[in-house]
Amino acid sequence: MATQARFGFEQLRRVPLVLFVLLYTLVTGGPFLWVAAMSLRTTAEIFKAPYGLPAPAHWEKFVDAWTKSNYGTYFWNSTFVVVIAVALVTVIGAMAAHCLARYNFRGGRLVRFLILSGLVLPPQLLILALFQILLDINLYNTLTGLVLVYVATHIAMTVYILEGFFAQIPQDLFDAARMDGYSDFEIFWRVTMPIGAPAVFTAVTLNFIILWNEFLFAVVLLTDDEKRTLPLGIMHFTGSHQLDVGMAATGLMIAILPIIVIYAFFSETMIKGMTAGAVR
Amino acid sequence: MAVITVDKLCKRYTGGAAPAVSDVSFTVADREFMVLLGPSGCGKSTVLRMIAGLEPITSGTVSIDGRIMNQVPAKLRDIAMVFQSYALYPHMTVYENLAFGLRRRSVAQAEVARRVHAAAGKLGLAEFLKRKPHALSGGQRQRVALGRAIVRDPKVFLFDEPLSNLDAALRVTTRNELIKQQREIGTTSIYVTHDQVEAMTMGHCICIMNQGQVVQMGRPLEVYRNPADTFVAKFLGNPPMNLLQGRLEAQDGRAVVRFAGSAVALPKRTASSLDRNVGGDVIIGIRPEDLYETPPAGGAAEITRLPARVIAVEPLGAETLLLVALDASKDELIARIGRETTLKTGDRLDIALDTAAVHLFDPGTTKAIV
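Quick mapping for you: the protein sequence lines, in order, are chains L and E.
All the letters of the first sequence, read from the start, carry residue numbers 1 to 280 under the numbering used here.
All the letters of the second sequence, read from the start, carry residue numbers 1 to 370 under the numbering used here.
The following block holds chain L by itself, in its conformation from the complex (with noise of 0.2 Å):
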């Protein structure tokens, strides 16, 4: 009898959790799947019926964002931006964060306190200056300047993940991999990569995440039609003289596609060097 009573107490006091719980889930799924409802729907039919099922299920529509509404050039500039931004910032940003876990050098600490302060100023203090330097160096208005930027202003959080991970490697591995021969730059890429593998996940998860959907940046540097990227391209849809909802939000669906399998493959070494770094 005790125990049973103990047991419905148990469970009455997770019901707020649950209550908190599904809450939450409707309120960060709810919207996500209005969103893909209605990339599956015309315009006319959400005006219609706003919150709808998509019957029948309009599949051309992504057809039709990738070839008529230069999505697929989007899609690419993004890719390009994306990725070359991520892996640049990922390797010189292990190697600082290596530097820095590793190594006692004077002024170590001051340079600590500079990458780590990109932490703290936002973005929106960088643009005017990132503006004219992209111009004065002939950037301005190219994927490359945009790369660029995006590498510099991520250093400083991958840097964040990455030490806190690195420092907790034991110093003997580093010691033993001089032993059996090899140098600074060759242990770096041979004992601290490896084994630092599920924090560089989770920094390249992140940083795509982030930089996938960077917007501030992207249309301030931006201004041709064809470089821009994936953020950029959804506005289109809903600029100030139209306001194409279907097609935005099939958009959505397209732009989010990439985020979804990354983070389905990866979520759980993200999750795993989030919480190693955590405890350090």
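Misleading hints may appear alongside valid ones.
[Said to hold, decoys possible] Selected chain L positions facing chain E (Cβ under 10 Å, derived; list incomplete):
1. P16
2. P122
3. Q124
4. P170
5. D172
6. L173
7. F174
8. D175
9. A176
10. A177
11. R178
12. M179
13. Y182
14. S183
15. A197
If you are wondering where the hints come from, they were derived from the structure by calculation, not from laboratory data.
The C-beta atom is built at its ideal place from N, Cα and C for all residues, glycine as well.
Given the coordinates of chain L, assemble chain E onto it according to the supplied hints.
Frame of chain L; chain E shown alone:
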């Protein structure tokens, strides 16, 4: 063939008040196994890391076969090191761990495989070659760490407390295994430990360090029998040597120590050899095994009896440790006596002391009086 010579080695860390290592000098002969023994923080690992090239040398020299190594990077010293934590690369299999050092040295693929399999066979690791370190037991990991050193066939082995992460039983078997391997291969080795049993059983030679300095060097039993000072006397031996305050006097040309109300004549010593200390205070050292409940029959030993009371009895099975308080001085002594004893706490006895085995130390310098 490798002779390691360490000459006046010093290490001072920036911001450190006292040097971590000062004036350490020793030579390890070819094929010799030397144990660096000392308490935690005495600088023994720092010495090892300076020899390995992992720690910059403040002053002094490290040479191998006469060549000064101070400026030679670790990877060119041809030294293999086994770490306390084993330092196995967690992302590599046992095979890859063993082969990692060879690959860097551009050893041909077939030769790498041959050497890895040979070492794995020798250490009983053949069936684990495809496993990652996390799927191995502590003892197996330790053998992989040892194997990684062996496959490289280096000039010198360095061991940094490699057994201290193992449980007691495994430590004994691994210790014997390690001794066997070293004797077979015959590579010059330096072994750092704070465990005196390892030091006594493994080394051809022990070098005892304390507070960054070498206190005594010698063959294990020689050091045990003739400790250079009270630190070595207490550090080597379990339970440690009993140390008591006493006074040295001369009586009819013989040296006599007075302590705990007794006058003990020292049979091996003449008053003249102790001239400098006669009439002064001394520290008397008595090993627990030189105290008896009943002195050995037919022994030629000169025995003195000291009245005492039993404070504690610790039967260890093979032997019994007895903690007694001397009546006269209340000094406490530990005696290692036979397992057949029937003594209980509170019992009185006249504990027998083999006077030939008494050690004397100078209370000022703590050095042995010889």
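Query raised in the report: Which hints, by number, does the structure contradict?
Result: 1, 2 and 3
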